[in-house]
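The task is simple: from the sequences and hints, build the whole structure.
Chains F and Y, in that order, are what the protein sequence lines are.
Numbering (my numbering) for the first sequence: 1 to 169.
Numbering (my numbering) for the second sequence: 170 to 274.
Derived from the structure by calculation, the hints contain no laboratory data.
Hints should not be assumed to be uniformly reliable.
Derived pair list, reagent style SDA-like, types lysine to any residue, alpha-carbon separation capped at 25 Å [to be verified]:
1) Y:K198 / F:I158
2) F:K91 / F:L21
3) Y:K198 / F:V68
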Amino acid sequence: MTNNQFMFLLFSAVIVIFSLLTVTSRRILRAATFLLFVLFSTSGLYFLLRFNFLAAIQLTLYAGGIVVLIIFSILLTSQINDKLSIPPLTKRIYAAIAAVAGAILCILTILQTEFVQKTFDPARVHIRTIGEGMLSTGKYGYALPFEVISVLLLAAMIGSIILAKKRKD
Amino acid sequence: MFEGVPIHWFLVLATTMFFIGIYGFLVRKNLITMLMSIELILNSVCINFVAFNKILFPEHLEGMFFTLFIIAVAAAEASVAIAIIINIYRRLVNIDVEKMNEMKF
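Dropping the structure here:
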């Protein structure tokens with residue numbers, strides 16, 4: 001077993017186990033912590049594939065930003081000692097049937113497909129390439145989505161401030 | 170082929186994570202845990218994009234850019250969703266989806 005195979009299996013085991021714990025844990029703060037572990041190991045997968053910038057973004061934005069936001073809102077909206085109620089058995093069975101059936105269908109389709117796989121290029125993505133790709137308007141340039149995302153973030157910021165502020169009735 | 174790891178492994182991992190997220194979204198009743206399931210789903214899709222980019226089409230960086238955009242959209246979505254959740258909590262003192270059966274207060 002090569003080094004990369006071992007690291008991949010380690011990260012995927014962490015991802016699967018902690019995803020399951022995220023959706024089944026009865027304490028909501030623990031569920032958020034397990035989600036944090038899932039996001040960390042996803043960023044490990046990105047490091048393994050030599051996308052260093054993307055992995056750093058995953059760590060700072062997802063693990064550092066979104067999870068902290070979720071934990072703050074948990075602290076604002078629920079008691080620490082509360083346990084979530086167990087969902088009814090029929091609901092759990094139907095959801096599990098839907099998820100397992102979909103997963104089996106997709107995995108069978110994936111395993112039967114032949115992909116033309118290139119040899120692995122261990123070079124890291126240069127930050128200059130990313131910057132030029134973000135701002136060029138030609139082919140393989142992403143200037144338009146970049147600007148749309150900036151407007152979206154501004155709109156989300158204004159919208160969430162207006163939604164969450166106290167009204168003077 | 171990524172040094173002994175074929176792309177199928179990545180795709181099977183992402184599929185497993187995606188359907189765990191679907192299961193959580195169907196089972197959970199608390200709004201914040203449903204939001205966490207959505208984050209799981211988005212994250213699995215990101216893994217798919219990155220694996221396709223690096224293993225099948227390494228010439229360009231399309232998958233990486235779209236993963237960056239997905240992360241930005243996820244951040245915007247989480248902030249708006251949490252603002253809405255806090256607003257609902259302020260009115261109902263509760264964030265169970267089954268208790269929310271009126272559109273207008």
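Each hint, compared with the structure:
no.: 1; hint: Y:K198 / F:I158; verdict: 28 Å, violated
no.: 2; hint: F:K91 / F:L21; verdict: 18 Å, holds
no.: 3; hint: Y:K198 / F:V68; verdict: 21 Å, holds
Of the hints listed earlier, the one the structure fails to meet is number 1.
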